[in-house]
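**Student:** Each chain, letter by letter, is given below.
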Amino acid sequence: DVKVTQSSRYLVKRTGEKVFLECVQDMDHENMFWYRQDPGLGLRLIYFSYDVKMKEKGDIPEGYSVSREKKERFSLILESASTNQTSMYLCASSSGRDRYFGPGTRLTVT
Amino acid sequence: AQKITQTQPGMFVQEKEAVTLDCTYDTSDQSYGLFWYKQPSSGEMIFLIYQGSYDEQNATEGRYSLNFQKARKSANLVISASQLGDSAMYFCAMRGSSSGSARQLTFGSGTQLTVLP
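Chain order of the listed sequences is L and F.
As numbered in this note's numbering, residues 1 to 110 make up the first sequence, in order.
As numbered in this note's numbering, residues 1 to 117 make up the second sequence, in order.
Hints listed in this document are in silico derivations from the structure and should not be mistaken for laboratory results.
Treat the hints with care, as some may be off.
To be verified - Calculated lysine-lysine pairs in the DSSO-like style (CA-CA distance at most 27 angstroms, straight line):
1. F:3 <-> L:55
2. L:3 <-> L:53
3. L:57 <-> F:3
4. L:18 <-> L:53
5. F:73 <-> F:3
6. L:71 <-> L:53
To be verified - Estimated spans, in silico, between C-beta atoms of each pair:
7. F:8 <-> L:103: 20 to 30 angstroms
8. L:103 <-> F:10: 20 to 30 angstroms
9. F:12 <-> L:28: 15 to 25 angstroms
10. F:47 <-> L:44: 14 to 24 angstroms
11. L:51 <-> F:64: 29 to 39 angstroms
12. F:73 <-> L:13: 33 to 43 angstroms
13. F:47 <-> L:84: 23 to 33 angstroms
14. L:14 <-> F:17: 47 to 57 angstroms
Unchecked claim - Residues from chain L that face chain F, not an exhaustive set, calculated with beta carbons under 8 angstroms:
15. 27
16. 31
17. 40
18. 41
19. 42
20. 43
21. 48
22. 54
23. 58
24. 101
25. 103
26. 104
Think of the CB as a built atom: it goes at the ideal place given N, C-alpha and C, for glycine as much as any other residue.
Starting from the given sequences, assemble the full structure and let the hints guide the process.
**Tutor:** Structure below.
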């Protein structure tokens with residue numbers, strides 16, 4: 001079974017803090033993705049990566065950056081967390097058609 | 001640009017009955033794929049069913065079927081014989097084929113399905 005794991009299920013941070021969300025997949029997938037999920041808006045793509053050290057902006061990259069130093073790991077970074085970044089963050093990986101999602105991290109910024 | 005529209009924020013269905021969740025899409029790509037995912041309250045996204053734009057037959061997976069009407073740009077999910085465990089959020093999604101859209105999935109806003117005993 002493909003496994004996509006995320007470092008935390010729940011996270012509470014203060015405004016202005018630097019936040020790292022980590023995602024690891026164990027199936028040697030080339031593509032990895034970060035989404036945020038908000039009620040009534042579905043999932044929106046923040047960034048994705050199709051190879052080590054390669055990244056592309058998604059639909060809502062503002063306020064976020066990413067890092068992919070190793071194929072299995074894709075990190076989402078909030079340089080200075082703000083309250084409007086309170087959300088559910090979902091990581092996914094894929095090779096071809098199928099996409100596998102992690103369990104999500106619910107981030108609250110106070 | 002691609003767009004997915006799910007117009008039903010919430011739906012109720014009686015246990016053992018069938019239910020249809022609506023999804024319409026918009027794309028300029030000639031080749032594309034349509035997906036349905038289920039998200040229970042635990043949060044994980046579970047892949048349910050896939051339909052390619054050139055597939056001649058509607059996709060089926062167990063109790064799930066996809067009513068694909070290409071001319072109307074709709075890809076409705078039909079769940080037959082609903083079970084209590086079907087209560088979840090359901091997302092329709094699309095992947096295009098043009099540069100920039102081939103790797104991305106565009107999601108709709110979701111439909112919260114509640115199955116009543």
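**Student:** Report the numbers of all earlier hints that the structure fails to satisfy, in ascending order.
**Tutor:** 9, 15 and 22
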